Every structure is written in structure tokens, then in C-alpha cells.
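Work the whole structure out from these sequences, hints included.
Number of protein chains: 2
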Amino acid sequence: MHVLVLGAGQLARMMSLAGAPLNIHISAFDVVSGQMIHPLTQEVQGHGLENAIQQADVITAEFEHIPHDVLHQCEQSGKLLPGAQAIKTGGDRRLEKALLDEAGVKNAKYFVIKTRDDFDSAIRHVGIPMVLKSALGGYDGKGQWRLKSTTDADAIWPEMQQCIEASDNQAIVAEEFVPFDREVSLVGARGKDGQWVVYPLSENIHTDGVLSLSTSIDAQMLQQQGKTMFEAVANTLNYVGVLALEFFDVQGQLLVNEIAPRVHNSGHWTQQGADTCQFENHLRAVCGLPLGSTKLIRPTCMVNILGEDTLPSEILATEGCHIHWYGKEKRSGRKMGHINVSADYYAELERIICSLADILPADAFPAVHQFASQHK
Amino acid sequence: MHVLVLGAGQLARMMSLAGAPLNIHISAFDVVSGQMIHPLTQEVQGHGLENAIQQADVITAEFEHIPHDVLHQCEQSGKLLPGAQAIKTGGDRRLEKALLDEAGVKNAKYFVIKTRDDFDSAIRHVGIPMVLKSALGGYDGKGQWRLKSTTDADAIWPEMQQCIEASDNQAIVAEEFVPFDREVSLVGARGKDGQWVVYPLSENIHTDGVLSLSTSIDAQMLQQQGKTMFEAVANTLNYVGVLALEFFDVQGQLLVNEIAPRVHNSGHWTQQGADTCQFENHLRAVCGLPLGSTKLIRPTCMVNILGEDTLPSEILATEGCHIHWYGKEKRSGRKMGHINVSADYYAELERIICSLADILPADAFPAVHQFASQHK
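Chains as they are written, first to last, in the UniProt record's numbering: chain Y, 1 to 376; chain V, 1 to 376.
Calculated from the structure, these hints are not laboratory results.
Since the model is a prediction, treat every value here as computed from it, not as a measurement.
Repeated chains share a single entry, so a pair holds when one copy, or any two copies, can fit it.
Mimicking BS3-like on lysine-lysine, the simulated pairs with C-alpha atoms at most 30 Å apart in a straight line are:
{"no.": "1", "residue 1": "K335", "residue 2": "K88"}
{"no.": "2", "residue 1": "K330", "residue 2": "K79"}
{"no.": "3", "residue 1": "K192", "residue 2": "K79"}
{"no.": "4", "residue 1": "K328", "residue 2": "K192"}
{"no.": "5", "residue 1": "K335", "residue 2": "K227"}
Shown next as C-alpha cells:
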């Protein structure tokens, strides 16, 4: 089985590692260079989308901001899973919010802004404080604003207008500010036959808008809410593959914040923590194989490695710690890899994460140090 | 880090998969073709041993029957781990038995046979019944004889003689027949600094001389004996890397049967069952990184897939079952892959293995069916 992944980053790389034992071969398609490359060796395997499509049995994606002409060409081959609509929805905040409404899952009130008049309507409809997000292309905290008082609207509008005018189909989505206690996410997989499974929820900590820690949690009531919403969204999209839902947890009530139509950073803990990892389950789903068990094997916390290309070797000597480098060139703030930390019990997991604060530098791993200071 | 593996089979392949997350790149050197290839993609990366040695930071091996000139050239580069002597010892039954004596570990009485006179001396020294094994090149049950009565000596001698004369340095090692209850093995790793770790013992079932099932076991008294012998053998060889010891269990007393100076088929269960798998620990050892925890995460049984290139998809749907294909062309009896079966408890593991007998065909998986008939 030959799976073509649109996008050639770490998610394609980890799919490649998860696919090899199943004799599933992964090629990555770099939408910028138009090259087909092996995601592990970086060997160039071919040129041009048409050629890449022809060689593939199945086509999938590792990110949602894919040029629409590429998506359509893939969809026409009948090999693209999940479908173009699901991928586009993940890449357009307007479509995403409309989907959540259609699926009947709780999400924050919103209003789409194209003009200054829309902005005023948004303030009336959504209320203050509000969060403003570009509809297209925003991720990891970029293209976002907050409005705490109407008097600040004039001050931020020029930047918003510039963003809207910078591309043809751009808009800004105004959203009610949700006073959430924490962010949690649910990763699950849905097969071609409509069967679906979800992993245990994970709790996510962001630092400067980028995910820094993601830990499996044991929370039955929340898990049940998350499952119901996963089913609604996945079925509405007739989704095939791994799908991630990010939620706000507001005093035990989940609201969907966003969806990701792909394997997700908040699911990396499943490599050590779950019976079948998210990368294998995504491949099983799109290849029409039975889904694997998503059972928690060990409580696990994923620590993102941002902008660093070396770690103290004591990390490897720490029981339950596994490093996953992405083979990338070092760049400030870049996701270079992650550490999965596992233990038999949650209390033990906390103890190990606290001990990592003695090993990992505070400037590169502020969330670990914050965790340690809160739990010591 | 670039590690060259002498041999281009499934062990190099699985090292490649285990090394990628640590940014350790594996090339395999095919000693027959003289080509350097990527063990996953089979891409040819270079030609000739000298070139391969130059490109490598570290050289290791996935099998012990390596031409001595190749071993010596690698050893001279100062990059070979474990050393040539350890690898040669694993490939020569005479050296192996001498090592076990030197290390002071219990093993079956033996005598080396080159001539018919030696054979008679062996019968006097070792006694009847005896097992006869070619010193070089015998594995998976090939090149072995049994002598149950002195009157049969004349009948088997011509075949033994032919074996001895077929190559320069060949001999046959006569060994006392050990009435063992079962075969168990211990896989461990020793680092450059002399630190060492071992995995839990596994119990091995062979079918027609080929390993068919290997299951982690919880046996403290045996584990202690195994550890002591591992330490003795590994230190005697000043070993670096993963080393496997195969034992006869004779009423709770372990005798070393043989050693394998490499990752071993009876350690494949560690991919799902241990905190750090044997492939990662081998790479950590030879690369001078700290060894990873060998703690049992889940009781796990490995089922070899012999001569089959497809499996019923229900296997993937069974909780705790993970398939590892080797990407090889189908050949009768060939090791094509393995299934790791994991569970939270041993009783649950037994139940799952029994349920596999309803899914896997009896002719291809006789050991699974035998297990099921004994445990139902």
C-alpha cells in the first residue's frame, strides 16, 4: 500500500515510521516545490502532482492550508481521504464555525467580518471582550487580536483591514471570549465503514500561543461530552482518518474551539501512551484497515521541543522518557521534536515531569518549569 | 549520528525505525553485494566496504556469520561495536563454548570433533544421548544431529564428515543432551561505560527448530540467575550493544545454551512490551548514549509469521495486537514478520492468544493453536 501525504513535515515523517511495520509506504508531496520525497530520507522520488497521484493508492494530508487546486486535483482521483471539504473546513475559520453549528455542537458565538461595518455588527452581536481570528492561515497564535473595550476598535482595525485585504478570500471571525479553565482536546479516528474510536482526552498548555505540554487525562464526564461531539462532527463530515477536536473546558462544560482534520500535536502522546498511536490509526483508517485500540497504556505527557536541537543526555536516562526528533534544521521557536514522558500512575508522571525541571533549561522549557513550581 | 549495520535484513530495518526518532540514521551493508542500502527504502546509498566505513560514525552487525576479512576491516576503523571477537564468538560454536567456560557460567558438557577418533572421544567424554552441532553456520535447526545410541554413530558419521570437510575451519561440537523443561532467553544491553541492563526473561517455543512464540515471563529466581550470567558473559567480552543469552531451564536451574551478539528474535516483544525496545537500546549503547529503561510495560507475546505475507484483518482489530512486517518477498518458512500481542495481565494475554487460534490458520501458526489447545 502506497500513501501520498500532502505536506512533508514531521507528521508525514511519523506516519512513515508508523506505516512501515504494516508495509504501508509513505511518500510526502511538498506543495511548494512540487516534489515527491521520502519523509525519512528526504530522497526525491518524483516530480509533479499528477505523477504523485498516479503512484498513490491513497492520498491524505498533514496540514489543512493546502492550495485548493491541489486539493481538487487529488479529490478528482477518488483517492483523497479525508475529503477536500473536511480539509478546507479545517483551514477556514468561517467553514469551521458553520460546521460546528451544523453538527449541533457547542461553540463560542461568532460573526464574520469583511468590513468596518461588519466589525461594529460583530461587537453588538458577539459582545465584549472578543477574540478576532483571521479566517485563513492563522495558526500557533498568529493572525489573532483581542478586543477588551469598544474604544480600542479603531486602534486595531487598520491591522485587521490589512489582513483582510492581503488575500482574496480572507475575512476575520469575531468570537465571544470564553473564560475557560483549561484547553483540552480529543483525537479520534473514523473508518471508511463509519466506525470510530477516540483516545482519552488530553489537557494542553500553550506558551506564547504554541502548544508546549499535552497530557492524557482521566476525566469520564468530559470524555463523554467529547465523544458525543466527536461523533457529531465526524459523521457530519463523513470523515475518514484521524480528526482532532480542541475544546475550551468551562467549569466542566466543553465548547469546541477548533478542529484539525489530521493527526495532531496533542495526539503525539499516543506514541507511548496508547495501544495504537494516532499515526497508525490514521493510516489504518485511510487504507480501509480495522482501527486499532485507543486504550490508555500509560499516563503520558508530551513536551514539545521548541527551537532546540540538543537535549541533556540525562533525559534518555530518565525512566519513561522518549525523545522524538523531527530531523529539522534549528530555527528559533520551531517545533524540533517532542519528549513523551510516561509512567504507571498519574502521581508518578507528575513526579517525573517535576524532575525534568532539574534537567531541562528554563528558557527553552518554561511550561515544564511552571508545572514543577506548581506541583512541588 | 550515522550507524552502519553489517547485514541488511529485518533487524537492520527495525533498528532504522527505532533510530529515526533519535536522529540516528541507519545504513545497511549487504556483505554479499557489497552495497550500502537504506534498510527501509532499499535505496542504494553507496558501494564498497571502505566507502561505507568512512561514512559511518559507528559500525554494528545484525548477524554473526560475517566474513572475517569484513569484520577485521571494520575493527581496524575503530568504529565496530560490539567488537569482532564478540561477533565471531557468536558465529562459532567452539569459541562460544570456550567463552561460557571462561565466564564461569553453567553450560552443557561438550567436545569438539574434527575426526572420527574425536567422535569416539566425544561419546566417552560427553555421554549418550548427545546433540551434535556444526561449529560454523548452523542456525534455525540446520546442521544438527542427535545421537541416542552409540550404534547409530556409524550411520550419521558420513554426513558429519561431509559437513566438516565442506569448509576450511569447520568442526562439529558434541554436547551433552540436556533434558530441559523449556527454553528461556535474556536480552540485555551493555554500554561503553560498562553499565548494563536486562529485560525480563522470555519463554521461547520453537516449531521445527524455528522460533515461533516468545513471551515475556515474570520469574524472579530465574531472572536473578540470568542476570548474573549476563553480567559475567557481557563483562568477559567487554561487550557493547544488545546481547542475547539463550538458556535451558532444567527444573529451575538455567544453563546457557547459546549467545547472540546482537538484537534477537526473542527480544522483539520489547517493541510493545518494554519501556525502551531492544533496537533503541542497541543503538543507544553503540552510540554512547544512556541506556533506556527495560521495565516491562505490558506482558507481551511475540508470534513469528513464517512463510505468510498476508494475515486476516481481524488481527488488527484485536486489542493489543500489533503486526510488524519486514517487507520481504514470500518464501516458504521465511520469517516474514511478527505479531506482538500485549495485555494488562498475563491471564488476559493468555486469553487473547487463545482467541487468535480462531483467526490464524493452524498450518501456518501451529504453536498458537497448540497454546490454545493447552490453555482452553
